[in-house]
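A.B. asks: Note that the protein sequences, when read in sequence, are chains C and G. Quick note on numbering: numbering that gives the first Met the number 0 labels position 387 of the first sequence as 386, and the sequence is numbered without any gaps. Quick note on numbering: numbering that gives the first Met the number 0 labels position 148 of the second sequence as 147, and the sequence is numbered without any gaps.
Check each hint, because a few of them may be wrong.
[Said to hold, decoys possible] Straight-line Cα separation of at most 27 Å, DSSO-like style, residue types lysine-lysine; simulated pairs:
(1) C:Lys575 <-> G:Lys19
(2) G:Lys369 <-> C:Lys554
(3) G:Lys369 <-> C:Lys563
(4) C:Lys554 <-> G:Lys267
(5) C:Lys547 <-> G:Lys369
(6) C:Lys574 <-> G:Lys19
(7) G:Lys369 <-> C:Lys571
(8) C:Lys545 <-> G:Lys369
(9) G:Lys369 <-> C:Lys569
(10) C:Lys563 <-> G:Lys132
(11) G:Lys369 <-> C:Lys565
(12) C:Lys565 <-> G:Lys267
(13) C:Lys461 <-> G:Lys19
(14) C:Lys519 <-> C:Lys461
(15) C:Lys578 <-> G:Lys369
Just so you know, these hints were derived from the structure itself, not from any lab. These numbers come from a predicted model, not from an experiment.
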Amino acid sequence: MEGSAIRNFCIIAHIDHGKSTLADRILERTGALSEREMTEQVLDHMDLERERGITIKLKAVRLEYRSSSGSEYVFNLIDTPGHVDFTYEVSRSLAACEGALLVVDATQGIEAQTLANAYMAIEHDLTLIPVINKIDLPSADPQRVKQELEDILGIDPSEALLISAKTGEGVSEVLEAIAERIPSPSGDSRLPTKALIFDSHFDVYRGTIAYIRVVDGAIRRGMKIRMMASGREFEVTEVGVFKPSMETVDSLVAGEVGFVAAGMRDVKDCQVGDTITDAHAPAESPLPGYRKVKPMVFCGLYPSENSDYEALRQALEKLQLNDSALWFVPETSAALGFGFRCGFLGLLHMEVVQERLEREYDLDIVTTAPSVPYQIERTDGQVEEVDNPAKWPNLAHVASIKEPFMRVSVITPKDYVGSVMDVFTDKRGTYKEMQYLNPQRVLITYVVPLSEILLDFFDLIKSRTRGYASVDYEFDSYKESDLVKLDVLLNERPVDALSCIVHRDKAQARGRALVNKLRKTIPRQLFDVPVQAAIGSRVIARETIKAKRKDVLAKCYGGDVTRKRKLLEKQKEGKKRMKQLGSIEVPQDAFMAVLRVDDEE
Amino acid sequence: MIGGPFSCGLYIHIPFCLRKCSYCDFVSYPVAPFDTARYCAAVVKEIEMALEGDGWPEEVASCLAGASGSGALTPRTAYIGGGTPTVLPISELEAVVTAAIDLCGRGAAGSGGIFEFTVEANPCTLSSYKACKLRDAGVNRISLGLQSTSDQYLTILGRAHSYSEFLAAYRSAVSAGFSNISVDLIYGLPGQTREDWRRDLQRTADLAPQHISCYALTLADGTALARSVHSGQLPQISDDLAADMYFDAASILSEAGYSHYEISNYAKPGMECRHNQNYWENGYYFGIGAAAHSHLPGMRCENVPDVAQYIECVEQGRRPLANVEWLTPEREVSDAFILGLRTSRGVDTSALAKTYGAGLVGEYAERLEKLRETGLVEFDGQRVRLTEGGMILSNRVMMELL
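Extracted from the complex, chain C is given alone in its bound form (with noise of 0.2 Å):
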């Protein structure tokens, strides 16, 4: 292929702004899939993610199009993850293209994630081609979109296409200007190969296939390849591209998009990020931008079955090999038994990998509330990292301890901005900056501990705001903070699994809120439930679950005995589902209550 005719490109937008359905349209378009084959938004092939309205894994696609002068292109639409946790996985695709697509929803205009891709494109000199989509819609305003490009991205307004990826309308002009305002390659395959693994999926038959950009040089079949970063070499058994399906070509030269199979066993073998060069003709320097993956968000997931354990393993290992960055190891807890520490990059991957362990290998897991990394430094001047409240150190021998904060950007309409700034305030945020999009909207950012994100962030910004504002948030940096291990006891024994890490001054209000929550969550049992919190000996609160008194079935004739006993059978099923602490029975959502602590207040 002619690296002239080349156009490598994804499309960023803010969550639901139509990304996937003008996805659909080019791929209909380019003939890549006829109407007929084309099920709803291609690209999102989960079922989890069609159902969430995010794309979790990227794809890419190789198209063929015929301009309207009568030039052939061939296009390489490559998918990015839509949410902030894939946000290294993003910048990944990005690096692998020269041009984006930026569509902003015509009735909404420039929302968090617009401008979080938008400047991640930016830094990674793309070509942007703002798209306004749905402008069919009544509500739309494409002029007012148009102002926000400009006064907020330095876009120029004549630029932009104005679409309905719903109707089709304008997309023949989106494609006219992927062929003619984006750059074609500038790599050189005469020099030694350089190819970009921008993800990666694993084949039972073919083990990991990894989806590279070959920025010089070219692979073939055959040809040994070394991953620069893990320095493990291996011989190329396929080279291929996705037409959506994947076809075998001979090699991918220079500016191409395909895949690479090379009999890759293990995830570790083909990182996303890592650069792929030739083993007998190496490049002298990798890639830029390669960084290991580091999960932020930590829980425990235990199996309510404990003879479930060795099936949650192997389910844990095949996630794995598609998620590289699913990180987990055995542990063990007091109150729930064999489980596992899991880590993820966020809130939304830890909720995807829970949901696919219980939808695609029907386990019934229970979760603790979810933790962040801290730092812990001793007094002889030793540095860990403890992820799980179970493992906190005692303070006695504690120099500092540092949490892991975000830089949170939050865009609201005006009237907001008071309940906004209230929202950050009461989760630590320390204020940053604050900026007027237009006379209208306002860009608010702060620093937030990641705990406080994880507890019910979202939930008070979205409800603060009656769903006007969006959010986006990337990693700041480590600070120290006065943190306390905060113990829960069920009937004057301490449950490990529902400890959790709070600062200082916040210990009293979530401890009683915390016991409070949980008083409501753990059923009535046949004898009184004291259930306290406590910071080391000190109890900072107490409720009691007071005693069942009354479980009867009034009346038990002739005629109620199948029906009676099909009454006592649901309520059997109902106790198996709880977890028995001691001679306590304890719902598996109260591990999760730690995290809701709030929803009432």
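Starting from the known structure of chain C, arrange chain G on it as the hints suggest.
C.D. replies: Same frame as chain C, but now just chain G:
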């Protein structure tokens, strides 16, 4: 007094009411559009078919064939329930009673026929005339649904009668010669206070019927009352208050000379309901009429609930079965526990072992011992029973014995 095992009962279901009560989830229909005479004729025919073994599976049929010898499946108690049996024209109800007595007596050579015959009555459908006719036909026990002595709660329950109408019906029954009368009460009503309930109990005890049933209100899904409570039109009912009321009943009625012989039932000495005791002893019974259930050797079964379908089946000489459940010995033992534990006598484990095998019954020993530690269950020689406090938490026990 007639003692011994109550091996078989006859239940007849009359699925008609003047109107449905707000809390009721039993099978009953407004009586107006139905040909009740034809229904009663079908009932009589079904009793005959059932007792003669027509259409039963082999196992049941052979038991019935041998009945003249053993009498194992000859009903000794009968109970006409509903719905509201007394909504029927008295001649039709009389005919059903007479046929039941004749048919059961006929098959029971030397065994004495039915000795307890109960008819459920609704206060506003029991006149002195009807009461006398029933007495003459051979009915010797009347069960009157009072539910509350306060007209305010009777309205909430959707009952068609007032407290004074109940008193009139009660007097009618007494003057007709009934000396075994049961009165039903319900507690835990929306808004009901303990004082309200204690007055209900005291007034009823002062009437001194032979038998009193006290039911904790159950809000069954789909009933008008459940909807009113869930929508907030009526106040929620507190379990703690209902538990207090349960203990109020136990103390006030025992003070008045009643023994608490089943979770919801109280009787003067010797006046326990034999027919119901047979259910709780996991005994056999024939269920006659639409939606009626039977328990017979190796099976439990259920008649079709639809009246027209029921009549059609019986008139064509077919058993009107909707559903048959075959019982394993394991299931029989489990049923024997969950039913028997409802009563103050409890379960005789050695008798159970004799019937179903020591192995099956022995499997419960460990669970029962664990339950004993909770204080809900007590042992007394070979008998296992619920404690007074265990009765109102009985689901906790029975769940473990399924």
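A.B. asks: The structure should be examined with respect to each hint, and the outcome stated for every one.
C.D. replies: We went through each hint and held it up to the structure:
Distance check on the hinted pair: lysine 575 of chain C and lysine 19 of chain G sit about 37 Å apart at the alpha-carbon level, beyond 27 Å; violated. Restraint check: the Cα-Cα separation between lysine 369 of chain G and lysine 554 of chain C comes to about 26 Å, which is no more than 27 Å; the hinted pair holds. A threshold of 27 Å between alpha carbons decides the hint, and for lysine 369 of chain G with lysine 563 of chain C the separation of about 23 Å falls inside it, so the pair holds. Annotation: proposed proximity of lysine 554 of chain C to lysine 267 of chain G holds, straight-line Cα distance about 20 Å (limit 27 Å).
The hinted pair formed by lysine 547 of chain C and lysine 369 of chain G meets the criterion: a straight-line CA distance of about 18 Å does not exceed 27 Å. Distance hint between lysine 574 of chain C and lysine 19 of chain G is unfulfilled; the C-alpha atoms sit about 34 Å from each other, more than 27 Å. Proposed proximity of lysine 369 of chain G and lysine 571 of chain C is supported: the alpha carbons are some 16 Å apart, at most 27 Å. Our distance criterion of 27 Å between C-alpha atoms is met by lysine 545 of chain C and lysine 369 of chain G, whose separation comes to about 22 Å.
In summary, the hint linking lysine 369 of chain G to lysine 569 of chain C is supported, as the alpha carbons are separated by about 21 Å, within the 27 Å threshold. Taken as a hint, the lysine 563 of chain C and lysine 132 of chain G pair is broken in the structure, with Cα atoms around 36 Å apart against an allowance of 27 Å. About 23 Å separates the Cα atoms of lysine 369 of chain G and lysine 565 of chain C, which keeps this hinted pair within 27 Å; it holds. Our distance criterion of 27 Å between C-alpha atoms is broken by lysine 565 of chain C and lysine 267 of chain G, whose separation comes to about 33 Å.
Distance restraint check for lysine 461 of chain C and lysine 19 of chain G: the Cα-Cα separation of roughly 47 Å exceeds the 27 Å cut-off, and the hinted pair is therefore not satisfied. The hinted pair formed by lysine 519 of chain C and lysine 461 of chain C meets the criterion: a straight-line CA distance of about 25 Å does not exceed 27 Å. A hinted pair counts as satisfied when its Cα atoms are at most 27 Å apart, and lysine 578 of chain C with lysine 369 of chain G qualifies at roughly 18 Å.
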